[in-house]
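Let's have the full structure, built from the sequences with the hints guiding it.
If you read the protein sequences in the order shown, they are chains S and F.
The first sequence maps to residues 1 to 221 in UniProt numbering.
The second sequence maps to residues 1 to 221 in UniProt numbering.
Hints in this document: simulated from the structure, not taken from any laboratory.
Note that CB positions come from ideal geometry on N, CA and C, so glycine has one too.
Check before you lean on any hint, since a few could be wrong.
To be verified - These stretches of chain F come out as covered by chain S in the derived footprint (C-beta under 8 Å, 3 or more residues):
(1) 29 to 37
(2) 49 to 63
(3) 99 to 109
(4) 139 to 146
(5) 159 to 168
(6) 179 to 190
Stated by the list, open to error - Stretch-level coverage of chain S by chain F, calculated; a stretch enters the list once three of its residues show a Cβ under 8 Å from a Cβ in chain F:
(7) 104 to 111
(8) 192 to 205
2 protein chains.
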Amino acid sequence: MSAGTAAPYEPTARTVPTRNGRRASYDRDLVHSVLDEGWVCHMGFVRDGAPVVLPTLYARVGERLYVHGSTGSRPLRGASGEQGLPVCLTVTLVDGIVLARSAFHHSVNYRSVVVHGTAFRVTDPAELAEALDALVDHSVPGRSRDCRPADAKELAATAVIRLDLREVSAKVRSGGPNDEPEDLGLPHWTGVLPVTTSYGAPVPADDLDPAVPLPDYLAAR
Amino acid sequence: MSAGTAAPYEPTARTVPTRNGRRASYDRDLVHSVLDEGWVCHMGFVRDGAPVVLPTLYARVGERLYVHGSTGSRPLRGASGEQGLPVCLTVTLVDGIVLARSAFHHSVNYRSVVVHGTAFRVTDPAELAEALDALVDHSVPGRSRDCRPADAKELAATAVIRLDLREVSAKVRSGGPNDEPEDLGLPHWTGVLPVTTSYGAPVPADDLDPAVPLPDYLAAR
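In structure tokens:
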């Protein structure tokens, strides 16, 4: 990958892959771009010695990721202690299915980011307010200014955890298939089936007053 | 969720959620439908006491999931022992962003499946061949019969692990926002922004003979 203008993340033992090392990158701009394009992550943690992986929303603010959930949820409670909660947070953007002439060389074009670290619960009220706005704006930029902010009761029921971007790597696969030279004459179609995430026309709620216009930040999608 | 015709999965301590329990389901047909629509999962395992979450391809064959990778990869090596590798495999399909009048009630429409269990490496040659075909066909149905199968050297470099569908749950959120009654008069647009995964026109490889036609199983996408 081309190097960004910012200093790269420092590789660590667990961010250097054992295979396909040429696909790994520590480029900060690349990492940020993947994290900013996605908005659903898969967060893993250890419970009773076993792994647990749950999908959840996240947002990036500078070098911090925020994840939120109910104060009653198990991972959020785990992150509330002084020790925090060791997590692995992974974001994957799928760009295409790579069809090679051989089954072995079938692949996927993707961009992913894996963040290792310890998550801590956000307790500072100003940081919490900023994180909640970021969580709303991450999937729908501009939305936090066009909805009712959380009241005291809702704030009390919402937990946000923070994971700093320190131990981070990206992985990217792009381009066409890498067939073996001896397979080039085989009669199979070969190439890439592009995959994209797209947004449909917004569907108004049943109880929406028809006089309320579709906001610009949605019309642009 | 409506009940399928097959017996549901048995709930266990770790498949009963601590929150949003009404969204949980053990319906076998629902679980299968989510697993069959998705083809990228996030698999979590524990390494040196810390969680690791990696995106990977998977396929379902009856009540078995298969995941493959290089024989040199860390999780695959972990699953090669007699003890197997404890994993959590999660598949998430995102259907929409739910915009409520309050920040607090923003949500996501999604269908997800979480599988807990122990993965074991597939060693039986017949099962391995079936699993490799399933892995190619899962993202592109019909493709395994239209490419060169793995040869002995490629088979030796490929590890497949199996995870049986025993401890499984699905979670589904659908429909519009659930606003507080006192918020119904607020002037904010409310509804759902649909999200879909779509496929673009297949892009032929640079070295594809133009005489090779686009196969029906791709033209139909």
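Quick rundown of the hints versus the structure:
no., hint, verdict
1, 29 to 37, "violated (count 0)"
2, 49 to 63, "holds (count 8)"
3, 99 to 109, "holds (count 8)"
4, 139 to 146, "holds (count 5)"
5, 159 to 168, "violated (count 0)"
6, 179 to 190, "holds (count 8)"
7, 104 to 111, "holds (count 4)"
8, 192 to 205, "holds (count 14)"
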